[in-house]
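Counting along the sequence shown from 1, when you hit position 34 you're at 33 in numbering that gives the first Met the number 0, and nothing is skipped either side.
Hints are supplied without guarantee of correctness; some may be wrong.
[What the hints assert, rightly or not] Label pairs and their in silico Cβ distance ranges:
hint	residue 1	residue 2	range
1	Ala66	Phe29	51 to 59 Å
2	Lys5	Leu33	37 to 45 Å
3	Asn70	Arg42	39 to 47 Å
4	Lys4	Thr24	26 to 34 Å
Because the hints were derived from the structure by calculation, they are not lab data.
Built from N, CA and C at the ideal position, the CB exists for glycine as well.
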Amino acid sequence: MSEDKKKNRKKNLMRRISPVLGILTVGLVFSILLNCAAIIYTRYEQKQYAMMAVKANMDSVDREIAAITRNQAK
0 MSEDKKKNRK KNLMRRISPV LGILTVGLVF SILLNCAAII YTRYEQKQYA
50 MMAVKANMDS VDREIAAITR NQAK
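Based on the provided sequences and hints, a complete structural model is requested.
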């Protein structure tokens, strides 16, 4: 009889714990996906800033070349 009670207690405990574990698992997966999205977005943003810096640098070089060309033409 006492073994049956122990088994029933374990079953009841698992019935109570299972939803909690499910919620925690879903939360963990959601958190991981959110972090992955943040990492991807950050890398994309860094790439955009790098491209803007390169373009600005190229524009600066073009201006300097134009200035040198004008000075040589004088």
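Against the structure, the hints:
{"no.": "1", "hint": "Ala66 with Phe29: 51 to 59 Å", "result": "holds (55 Å)"}
{"no.": "2", "hint": "Lys5 with Leu33: 37 to 45 Å", "result": "holds (41 Å)"}
{"no.": "3", "hint": "Asn70 with Arg42: 39 to 47 Å", "result": "holds (42 Å)"}
{"no.": "4", "hint": "Lys4 with Thr24: 26 to 34 Å", "result": "holds (30 Å)"}
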